[in-house]
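Visitor: Generate the whole structure from the sequences, applying the supplied hints.
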Amino acid sequence: MGSGGYPVEKQVKESLTVSPYLLWILIHGTQMGGTLLIFQSRIIKGAEMDSLFSFAAVGISFHFIIAMMFFLLENAPDGDLISLHNQLFGKRLGSLLTLAFYAYILLFIVNELRSYMEVIHVWVFPYTQLWMLSLMFLLTTAYLVSGGLRVITGILFVCIIVPTLLIPTLYFPLKQAHWTNFLPLFNHSPYEFAESAYHSLSTLLGVEFLLLLYPFIKNQKKSKKWAHLAVAHSTLIPLIIAFVSFSFFNIQQLEHTIWPTLILSKVIRFPFLERFDYIYIFIWFFVIISACCVGMWGGVRILKKTVGLKAKPSLWLTSGIVFVIMLPMKSPMTIEKLDSAMTLSGWILLYGYIPLLCIWVSLSKWFNKRKSIPNER
Amino acid sequence: MERQNGPVKDSANLNNDARKTIAEVFRLARKSSDFHQFSPFEGDDTVRIQISYYQSLVDHMKINRFLVSEIQKNIERLNDPEDIKNVIPLDDVKVTHDADEVGKKLIKGYAVIRLNEAEHEFILVNVSQEELGHRQSNETENEFSVVGPKVGFVENIDLNIHLLRQQIAVPELVVEEITIGTVSNTRVIIVYLDGVTNDQHVQTARQRLKAIHLDVVFDSSLLDQIISDNSNSPFPQFLSTERVDRVIYAVTSGQVAVFADGSPYVITGPSTFLDFFISPEDYFLPWILGSFFRIIRILSIFFSIFAAPLYVAVLTYHFEVLPETLIEPLIISRNQVPFPPVIEAVFLELTIELLREAGARLPTKIGQTLGIVGGIVIGQATVHAALTSNILLIIVALSALASFTTPIFKMANTIRLLRFPFILLAGIWGGLGLVAGFLILAGHLLRLRSLGTPYLVPIFPFRTGNFADSVIRASFQYTTNRSKFLKPKSDKRYRPKEDKEDIDNE
Numbered sequence: 001m002g003s004g005g006y007p008v009e010k011q012v013k014e015s016l017t018v019s020p021y022l023l024w025i026l027i028h029g030t031q032m033g034g035t036l037l038i039f040q041s042r043i044i045k046g047a048e049m050d051s052l053f054s055f056a057a058v059g060i061s062f063h064f065i066i067a068m069m070f071f072l073l074e075n076a077p078d079g080d081l082i083s084l085h086n087q088l089f090g091k092r093l094g095s096l097l098t099l100a101f102y103a104y105i106l107l108f109i110v111n112e113l114r115s116y117m118e119v120i121h122v123w124v125f126p127y128t129q130l131w132m133l134s135l136m137f138l139l140t141t142a143y144l145v146s147g148g149l150r151v152i153t154g155i156l157f158v159c160i161i162v163p164t165l166l167i168p169t170l171y172f173p174l175k176q177a178h179w180t181n182f183l184p185l186f187n188h189s190p191y192e193f194a195e196s197a198y199h200s201l202s203t204l205l206g207v208e209f210l211l212l213l214y215p216f217i218k219n220q221k222k223s224k225k226w227a228h229l230a231v232a233h234s235t236l237i238p239l240i241i242a243f244v245s246f247s248f249f250n251i252q253q254l255e256h257t258i259w260p261t262l263i264l265s266k267v268i269r270f271p272f273l274e275r276f277d278y279i280y281i282f283i284w285f286f287v288i289i290s291a292c293c294v295g296m297w298g299g300v301r302i303l304k305k306t307v308g309l310k311a312k313p314s315l316w317l318t319s320g321i322v323f324v325i326m327l328p329m330k331s332p333m334t335i336e337k338l339d340s341a342m343t344l345s346g347w348i349l350l351y352g353y354i355p356l357l358c359i360w361v362s363l364s365k366w367f368n369k370r371k372s373i374p375n376e377r
Numbered sequence: 001m002e003r004q005n006g007p008v009k010d011s012a013n014l015n016n017d018a019r020k021t022i023a024e025v026f027r028l029a030r031k032s033s034d035f036h037q038f039s040p041f042e043g044d045d046t047v048r049i050q051i052s053y054y055q056s057l058v059d060h061m062k063i064n065r066f067l068v069s070e071i072q073k074n075i076e077r078l079n080d081p082e083d084i085k086n087v088i089p090l091d092d093v094k095v096t097h098d099a100d101e102v103g104k105k106l107i108k109g110y111a112v113i114r115l116n117e118a119e120h121e122f123i124l125v126n127v128s129q130e131e132l133g134h135r136q137s138n139e140t141e142n143e144f145s146v147v148g149p150k151v152g153f154v155e156n157i158d159l160n161i162h163l164l165r166q167q168i169a170v171p172e173l174v175v176e177e178i179t180i181g182t183v184s185n186t187r188v189i190i191v192y193l194d195g196v197t198n199d200q201h202v203q204t205a206r207q208r209l210k211a212i213h214l215d216v217v218f219d220s221s222l223l224d225q226i227i228s229d230n231s232n233s234p235f236p237q238f239l240s241t242e243r244v245d246r247v248i249y250a251v252t253s254g255q256v257a258v259f260a261d262g263s264p265y266v267i268t269g270p271s272t273f274l275d276f277f278i279s280p281e282d283y284f285l286p287w288i289l290g291s292f293f294r295i296i297r298i299l300s301i302f303f304s305i306f307a308a309p310l311y312v313a314v315l316t317y318h319f320e321v322l323p324e325t326l327i328e329p330l331i332i333s334r335n336q337v338p339f340p341p342v343i344e345a346v347f348l349e350l351t352i353e354l355l356r357e358a359g360a361r362l363p364t365k366i367g368q369t370l371g372i373v374g375g376i377v378i379g380q381a382t383v384h385a386a387l388t389s390n391i392l393l394i395i396v397a398l399s400a401l402a403s404f405t406t407p408i409f410k411m412a413n414t415i416r417l418l419r420f421p422f423i424l425l426a427g428i429w430g431g432l433g434l435v436a437g438f439l440i441l442a443g444h445l446l447r448l449r450s451l452g453t454p455y456l457v458p459i460f461p462f463r464t465g466n467f468a469d470s471v472i473r474a475s476f477q478y479t480t481n482r483s484k485f486l487k488p489k490s491d492k493r494y495r496p497k498e499d500k501e502d503i504d505n506e
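Chains A and B, in that order, are what the protein sequence lines are.
Numbered according to the working numbering, the first sequence spans residues 1 to 377.
Numbered according to the working numbering, the second sequence spans residues 1 to 506.
Just so you know, the hints here were simulated from the structure itself, not pulled from any lab data.
It is possible that part of the hints are untrue.
Stated by the list, open to error - BS3-like, lysine-lysine: derived pairs with alpha carbons at most 27 angstroms apart: (1) B:487 / A:221; (2) A:225 / B:484; (3) B:94 / B:104; (4) A:221 / B:484; (5) A:222 / A:10.
All figures in this text were calculated on a predicted structure; none of them were measured in a lab.
Guide: Here it is, written out as structure tokens:
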């Protein structure tokens with residue numbers, strides 16, 4: 001058994017898989033989320049206008065994370081995190097760690113939904129009960145997720161195409177750009193850059209679902225480039241938005257603006273449409289629902305694999321848990337708390353846990369090799 | 001006793017439990033007053049011949065001229081059934097030993113000849129009158145086109161196959177017959193192009209059709225509903241058409257067509273969502289015009305579904321979206337209206353549906369009156385009575401108009417139905433409800449399949465190389481290939497001459 005260890009392709013049934021290029025859609029759609037409305041005022045904490053570079057650096061580092069994930073997945077028995085956990089830590093401890101990832105997924109969904117609900121609550125329906133909004137979002141998500149990964153992929157396709165149509169509208173704020181806003185460049189300390197980088201992460205989270213999606217991809221060898229493309233795409237779009245907002249707002253304005261992207265869209269005006277920000281708000285439904293769908297699907301998959309629940313009950317269970325978690329979150333302050341929790345756990349997961357797993361897996365591979373060589377002789 | 005021929009095996013028959021004798025078959029038949037039995041000779045003892053048939057099903061000319069007269073002429077030479085078979089100058093004559101089969105053929109318009117009161121040997125002669133009671137031609141009134149052929153299918157299946165064979169004049173056109181319906185024994189025919197249509201589609205269609213258990217097949221649309229992949233969907237999953245050219249196009253591009261006797265509508269599949277918005281006229285006009293009209297038709301789907309709901313959403317929750325210049329006429333027109341916009345919109349939409357339904361049920365001559373009374377009188381009166389606003393009336397009328405541009409009737413109905421949930425969602429959640437509704441609609445469409453092929457292909461799963469004839473209708477030199485998602489066995493439809501235009505081409 002010398003070199004490889006496990007067979008290369010670790011797929012589920014052929015009829016459930018999706019083409020490799022769809023991994024682009026799946027990862028990019030999951031990464032884009034509600035934070036895109038808000039992230040500019042977060043990343044400026046630290047390096048101010050220079051935070052664009054910190055953001056780009058985080059984006060680039062994601063390529064290494066992706067590469068590490070692929071390494072892990074190729075060494076997992078079934079090609080996903082669940083089987084890897086079970087292999088490395090045994091059934092009981094492995095399941096426990098997988099359930100910790102489930103908790104992380106719950107946090108991910110709650111963060112997406114709660115931040116978007118706040119937008120709806122403040123901008124459109126100030127008198128609506130929050131639980132009614134969350135009920136509607138969860139029912140929509142549950143219906144979409146119940147169609148399986150292929151339907152989710154299709155929905156993500158729609159959810160990427162429609163918001164992409166909004167990017168050209170950024171031309172209108174650019175007409176009033178103050179290019180001097182960016183100057184002077186590089187006048188911040190490394191610590192400030194690092195602080196900006198720390199706050200950049202929550203906008204880009206979502207790649208970790210590759211750890212669950214991988215077995216559902218056809219021709220897994222070919223899928224790598226699409227995952228990298230997805231990450232590059234997801235880094236580019238916030239960079240464009242941040243660039244336009246930095247040229248439009250100065251730093252003091254940004255510090256006091258909660259949703260810079262929405263304020264940005266208010267300058268757009270058509271003879272038949274006074275408030276273009278409404279279009280942004282409603283189309284952002286597509287952006288958050290895509291992340292929620294993949295998140296919910298991942299949760300269902302974990303419950304199915306660890307606890308042994310069937311897919312439909314675990315879908316309802318996950319939706320129910322998310323609904324209950326969101327019930328007490330009435331204050332707007334929770335959004336900041338959720339975001340800091342999300343950022344922290346994201347850093348721990350992506351830059352702590354995954355490299356650690358990589359080291360563990362390569363060490364154990366190395367030991368196995370050393371052990372097996374004498375046996376073969 | 002062995003059953004002798006194939007097709008009968010397929011039909012689920014009411015009385016196939018027990019073997020019957022010929023006496024029982026005749027006893028049952030004699031209860032009907034149109035059953036006729038006679039003997040062409042009286043008094044001759046050497047040979048006794050008895051002819052039986054249903055008078056209402058047979059062609060009397062055939063019986064008098066070919067059957068009776070030939071038997072009378074050759075009476076001396078008739079000693080056994082084979083002799084009779086040889087003297088009758090008709091193509092469908094056979095000898096059978098099965099009394100059951102006699103019963104089945106009698107009700108299909110065969111005459112039974114019994115020689116010397118034989119118990120187990122009968123001659124079946126096809127003297128059926130197929131054309132009687134059927135119209136011979138159908139101008140495609142329901143799927144009209146200004147340019148192009150006007151001939152449509154009729155209720156007679158043989159005539160329909162004839163129409164198809166006239167246009168697809170190759171032996172590769174395969175016609176497979178099965179019988180469905182325990183009472184009606186309807187002939188159902190699967191048509192496909194051998195060497196082009198993927199076997200999987202044919203196999204799926206055949207399997208699903210054979211699994212059908214019905215008493216009467218009234219129309220092919222019944223089969224359509226039963227063999228649909230998801231019967232709990234408002235969307236038609238098979239295209240049904242009365243136009244010959246549509247069926248020819250479907251069959252040549254690698255789809256399966258299903259004909260049912262007694263139905264002028266033919267169903268074709270696997271169909272995709274875009275297929276329902278293609279009109280044959282697109283191909284009869286220059287490609288620029290064809291594409292333009294097709295785009296208009298596709299945009300009209302969106303307009304038809306979203307226009308009235310948008311009005312409701314904006315006027316109920318988001319009036320700040322409108323600029324002052326627009327909001328003013330809206331306020332003026334809605335000034336006296338006592339209802340919220342949802343009720344106003346639902347009321348008007350229901351009125352339009354009433355008009356449409358009444359128009360469909362009334363004879364055409366009264367229909368015109370209905371148009372005037374409904375469209376003009378009621379429309380004007382509701383606005384004057386301040387039950388609805390002028391602007392909504394315009395929007396609703398336009399969206400009804402837009403929904404009528406869909407060439408396939410079933411799809412047009414679906415689109416009109418979809419407006420109601422969207423209006424309600426807009427009334428509850430405004431723009432958010434519209435987006436949620438759109439997502440759920442997309443989720444539903446993504447789940448649908450037609451004969452196992454995804455419904456939204458080639459948009460999703462995204463398939464390149466199929467867009468020359470989808471949203472636009474490209475010039476014929478680019479539509480040489482069949483759609484790949486139908487998995488045809490041969491890709492090329494035709495090969496145009498490779499003669500590209502160039503500047504000063506010599």
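Visitor: Decide, hint by hint, whether the structure agrees.
Guide: Taking the hints in turn, this is what the structure says about them:
no.: 1; hint: B:487 / A:221; verdict: holds (26 angstroms)
no.: 2; hint: A:225 / B:484; verdict: holds (26 angstroms)
no.: 3; hint: B:94 / B:104; verdict: holds (14 angstroms)
no.: 4; hint: A:221 / B:484; verdict: holds (25 angstroms)
no.: 5; hint: A:222 / A:10; verdict: holds (13 angstroms)
Going down the numbered hints, you'll see the structure goes against none, and every one checks out.
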